[in-house]
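Produce the complete structure using the sequences and hints provided.
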Amino acid sequence: MFTGIVEQARTVSRVETRADGGLDIVVDLGPLSEGVALGDSIAVSGVCLTVAALEGARAKFELSPETLSRTRFGAVKVGERMNVERAMALGHRLGGHLVQGHVDGLGRVRRLERLGEWAELDVDVPPALTRFLVEKGSIAVDGVSLTIAALVDLPDRTSIVTIALVPHTLDRTTLGDRRPGDGVHLEADVIAKYVARMAEPHVRGPIAG
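This note's numbering numbers the first residue of the sequence shown as 53 and each following residue consecutively.
Possibly wrong hints are sitting among the right ones.
Claimed, not checked - Computed Cβ-Cβ distance ranges for the label pairs, DEER-style:
id, residue 1, residue 2, range
1, P232, G131, 29 to 39 Å
2, L158, V204, 15 to 25 Å
3, R163, A127, 13 to 23 Å
4, S116, D234, 20 to 30 Å
5, E68, T199, 19 to 29 Å
6, G157, E252, 24 to 34 Å
7, P253, P219, 42 to 52 Å
8, G74, R166, 19 to 29 Å
Because the hints were derived from the structure by calculation, they are not lab data.
Even for Gly, the Cβ is constructed at its ideal location relative to N, Cα and C.
In structure tokens form, the structure reads like this:
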């Protein structure tokens, strides 16, 4: 489990295609490698990955074809920066919101506008996620816990979320590097997903027995 409070943006140092259709990526964790062990879970741009090997501060992650089909990691390049967060420790402060590192869908950056030291980010959200979104609610974008400042529902059932990026977020994460058309990993609030699931029988009506 994660909080969406990115510790640092770290760099991909190696990318290798596997014979099974998967992908191995190596990320230089730098000081974040302290205390990391084989098998640990680390959120890399919002995707929960398992440390498969360690070479000093460099951690290797094995991405399955399933992971590649649900993320933008299939196009990852050496030198690309990734938002990194180690798993939260039980009893620590929850500074963001509950983030599982399970990508619900890919969004597309519509606009990134610098407003002095701040910025506004607009992201197109696919129809499957729109019912989990509320204004002033939480969403994770590339692993960053963010608050939805504005929400516009479109006729095609997609939505546009507007997010205000504070200077600290722009400095600590990769969101300031995003450009219109870029894909971003989206994870809806897990509480909203559970509530929607539990409400389904009431929306659909009783199941005939």
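Structure-based check of each hint:
1. P232 with G131: 29 to 39 Å: violated, 22 Å
2. L158 with V204: 15 to 25 Å: holds, 19 Å
3. R163 with A127: 13 to 23 Å: Holds: the Cβ-Cβ distance is about 22 Å, inside 13 to 23 Å.
4. S116 with D234: 20 to 30 Å: Taking Cβ atoms as reference, S116 and D234 lie about 23 Å apart, which means the hint holds.
5. E68 with T199: 19 to 29 Å: violated, 37 Å
6. G157 with E252: 24 to 34 Å: violated, 19 Å
7. P253 with P219: 42 to 52 Å: holds, 46 Å
8. G74 with R166: 19 to 29 Å: violated, 38 Å
In this structure, the earlier hints numbered 1, 5, 6, 8 are contradicted, and the remaining ones agree with it.
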